[in-house]
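Full structure from sequences and hints, please.
Below, each chain spelled out in residue letters.
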Amino acid sequence: MRDHLKYLISLVLSLCLGLASAHASIRSEYEVKAAFLYNFTRFVSWPHTENTSEPLEVCVFGDDPFDDLLDPLRGRKSQGRELQLRYPGDVTNLAGCDVLYIAQSQSRNLDELLKLAQQQGMLTISDLPDFVRKGGMVGYVKQGNVIRFEISLKAATEAGLTINSRLLELAVRVVR
Amino acid sequence: MIGRWRYWRLKTKLLFLTLFTSALGIALVCASLIFVENQNYRRQLESELHVIAGILAEQSAAALVFEDNEQLNSIISSLDRIETIQQACVYNQQGNVMTSLAGMDKRECPVVNQQMEVGFVDEVYRLLMPVTLDNEVVGQLFLTSHLEVLRGHIRTFVFVATGIGAVILVALVFLALRLQRIVSEPILKLSKTAERIAQDHDYSIRAPVSGTDELGRLGNTFNDMIGTIQQQNRRILESHDSLERIVDARTSELSMANRELEAFSYSVSHDLRQPLRAVEGFGQALEEDCGDQLNEAGKDYLRRIRAASVRMAGLIDGLLVLSRVSRQPIENQTVDLTQLLQEITDELEDISDDVPSEVHIQQGIRVIGDSRMLRVAFQNLLANAWKYSAREEKRIIDISARKEGRWIAIEVRDNGVGFDMRYIDKLFVAFNRLHTPSEFGGTGIGLATVYRVVRRHHGEISATSKVGEGASFVVKLPVSGDQG
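Sequences listed follow chains P and E, in order. Those letters in the first sequence? Residues -8 to 167, per this note's numbering, in order. Those letters in the second sequence? Residues 85 to 568, per this note's numbering, in order.
No wet-lab data here; the hints were simulated from the structure. Some clues are possibly wrong.
[Claimed, not checked] Residues of chain P placed beyond 12 angstroms of chain E at every Cβ, according to the derived structure: (1) D55; (2) D62; (3) R65; (4) K106; (5) K125; (6) E160.
[Claimed, not checked] Here are the computed lysine to any residue pairs in the SDA-like style, where the Cα-Cα straight-line distance is at most 25 angstroms: (7) K133(P) x Q155(E); (8) K560(E) x I445(E); (9) K133(P) x V181(E); (10) K145(P) x Q143(E); (11) K273(E) x N307(E); (12) K273(E) x A260(E); (13) K68(P) x D218(E); (14) K471(E) x K487(E); (15) K97(E) x A111(E); (16) K68(P) x E220(E); (17) K471(E) x E553(E); (18) K550(E) x G528(E); (19) K276(E) x L101(E); (20) K68(P) x L217(E); (21) K471(E) x L424(E); (22) K68(P) x R497(E); (23) K68(P) x E553(E); (24) K68(P) x V221(E); (25) K68(P) x E103(P); (26) K550(E) x R517(E); (27) K133(P) x N157(E); (28) K68(P) x Q143(E); (29) K276(E) x A291(E); (30) K68(P) x A260(E); (31) K487(E) x G528(E); (32) K145(P) x G80(P); (33) K68(P) x K97(E); (34) K68(P) x N219(E); (35) K133(P) x N153(E); (36) K145(P) x Q155(E); (37) K133(P) x E45(P); (38) K560(E) x A467(E); (39) K510(E) x D308(E); (40) K550(E) x D482(E).
For clarity, every value in this text was computed on a predicted model and none was experimentally measured. For glycine and all other residues, C-beta sits at the position ideal for the given N, C-alpha and C.
The structure is reproduced here in structure tokens:
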């Protein structure tokens, strides 16, 4: 009888916990992607950035799918550097960006953007399908309901960026 | 146990002390070793777990921020290989359980909060480590390790320590059994030697001495003491022997001189009698036969000659008596002194009853001694009392006896003229007289004879007096007769 009660209680408890975790995963796709975006910056090291007082510029290029979800990133620190958000309207304004999010609307300019990014040592992130295969560095992928990512180590290395192995471990696919 | 301590043998005491101290020492060493080992092992366990947790935290930081449970699971499941880990939980920033590894008992991960108990709690070691990324806490790692291994380790250590301790103790028993002899053997030998000397009175025995420590010194001192005793003993025996020889020689010399003196006085007095008898005899013949031819002066001279010769005969008789009481062997027998004194009194009353006499004699006085000699002595004493109380209106003589320890004291008291106590030391010496012959007649030998008789009976005589108030003579004789 007592064992039954115990079982019942643990069942209720686990159900509650399950609900709680389910609630946590109910976040919207871009909410998760925004958090990932921030987290990517923490595992990537840029060349020539010993000076941590220099802000880390995150640029969203193209039609912004995040709405205001990226706003909490402003002022947060990643590897000691303060995050700044920028929404450049033109390719010429991209200079100075450390992280470049390429929106789906920019799929036509992809090659040009990637080339620019590689030259200027920008971390390129995008939702675009097959982004990594096309020469991007970090690409979101969706596996069922779960958001994951792919990494092109090759592209990052060519741009002079170093990606922490811990991040590589978590990637669904790593292109070398 | 302590009460019986003093009845234990020295060997047992030494053995007990050695073993007790060693056992205590071993136990203390073992206990402190176990304690230190326990502490060390705990610290080691703690640091190992911290290292493991540190590695895990570093590994899981990225997976945590990307909420990659799969990755977290694979990281945590690597702990499966470490069997001491009982439970492992990974919490995200909000404190929710991301993944967990439960051992056999599948317990729930605890809720992470500030009051969480960490360290050695009950039967487990609990560790909570923050997972940080760029100095930002991104989650928590919770580990519990059961202490079975620690317990097993300590148990083994205790067993080994106890075993080694027991082995050492057994070895110590053997060692102590041998070593205690070094201390106890000399003491036992010394004690046995002392006992033998006390028992046999053989002072030539010496204790064996080895070494120069306190025991060696004790043995040497003991031997020196015994040597001194032996020497003194020999000296005492020697001096005793020589003393005895000297005493023997002196005694024989003295008795020879005494015998010669007595023989001399006897022969002198005996030989003096004959010429005296001639003087007296012819004096008497002269008075009877030629008395009428002498004028008054001649008769007076003749009377004086005869009186002098009578006195001299008395003197000689006295000397003979004195000599006899000195030489005659004593025959001890019970003497009825009351009867003897009564006879003497009767004789004295027969000779002269110039003044009325009252003589009190205590009844039933019995002494042990020679009756002839005692008669001589008491005759002299009573005659003296009689003589010196002749001028009183009434003569009172009182004779009493009392027991004083092993003595019987006989007192002869008179109411006569007495004597001056200044001359007490001349009283018992022959030919010394305290009164002139014109006052009281006498030879001066009587009290010397009494003294001699009393001394030969191993007794004592003393006298007390006051001039004009009578005299008291006390004769003390031993009760059993042969003392002194």
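Numbers of unmet hints, in rising order: Violated hints: 6, 14, 22, 23, 25, 30, 31, 32, 33, 37 and 39; rest satisfied.
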